[in-house]
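Visitor: Please model the entire structure based on the sequences and the hints provided.
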Amino acid sequence: MPKITTSGYDLLKPNEYVLEVTAAKPIVGEYGPQLRLDLVVVGGDADGMTMVDYCGRGEDGSIKDGSKAWTIFEACLGRQLTPNEALDTDDLVGKRFQARVAVRSSGNGNRVEHGTVGPAGGMGGQAWEDISFDV
-12 MPKITTSGYD
-2 LLKPNEYVLE
8 VTAAKPIVGE
18 YGPQLRLDLV
28 VVGGDADGMT
38 MVDYCGRGED
48 GSIKDGSKAW
58 TIFEACLGRQ
68 LTPNEALDTD
78 DLVGKRFQAR
88 VAVRSSGNGN
98 RVEHGTVGPA
108 GGMGGQAWED
118 ISFDV
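Per our numbering, residue -12 is the first one in the sequence shown, and the count goes up by one each step.
The set of hints was computed from the structure by calculation and includes no laboratory data.
Be a bit skeptical, because a hint or two may be false.
Label-pair ranges, simulated between beta-carbon atoms [stated by the list, open to error]: (1) Asp52 - Tyr18: 15 to 25 angstroms; (2) Lys(-10) - Ala73: 11 to 21 angstroms; (3) Glu3 - Leu68: 17 to 27 angstroms; (4) Asn71 - Gly30: 16 to 26 angstroms; (5) Thr(-7) - Glu46: 32 to 42 angstroms.
Predicted, not measured: the structure shown is a model, and the values here were computed from it.
All residues carry an ideal CB built from backbone N, CA and C; glycine is no exception.
Guide: Quick look at the structure:
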């Protein structure tokens, strides 16, 4: 019979991080409609560490104005959203934002703190290597 091992969680220390979205998927689960984000830390001592975060969506599956998902879309896309706008979660993949990360109350993972999300380095979620400087 195959053997498997157990492991604990590698937790990020509560702090501000630049996070890159590696996957974004709308789901419906135990807590209703959500947006699942797979994230990786970019830079600093925690560079390369990964985490999963969940953002609530409205009962109709929409992204509500002022919600954590709304602010993540704005930070990653580098612009303000408008009501009734059609969004594509694929547009988040490869984009970056900055936020405070905390430890979940259960102690078994991290979460992005609502109200702390902003553009990564004030550049609309773009990495320096993605910015064109025409001289």
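Visitor: Next step is simple, just say for each hint if it's right about the structure.
Guide: Going down the list of hints, with the structure as the test:
1. At about 20 angstroms, the CB distance of Asp52 to Tyr18 agrees with the hint of 15 to 25 angstroms.
2. Take Lys(-10) and Ala73: their Cβ atoms lie about 48 angstroms apart, and the range 11 to 21 angstroms is violated.
3. A hinted range of 17 to 27 angstroms for the beta carbons of Glu3 and Leu68 is consistent with their spacing of about 23 angstroms.
4. For the pair Asn71 and Gly30, the beta carbons lie near 36 angstroms from each other, so the given range of 16 to 26 angstroms is not met.
5. Distance hint check: the CB atoms of Thr(-7) and Glu46 are about 37 angstroms apart, consistent with the given range 32 to 42 angstroms.
In this structure, the earlier hints numbered 2 and 4 are contradicted, and the remaining ones agree with it.
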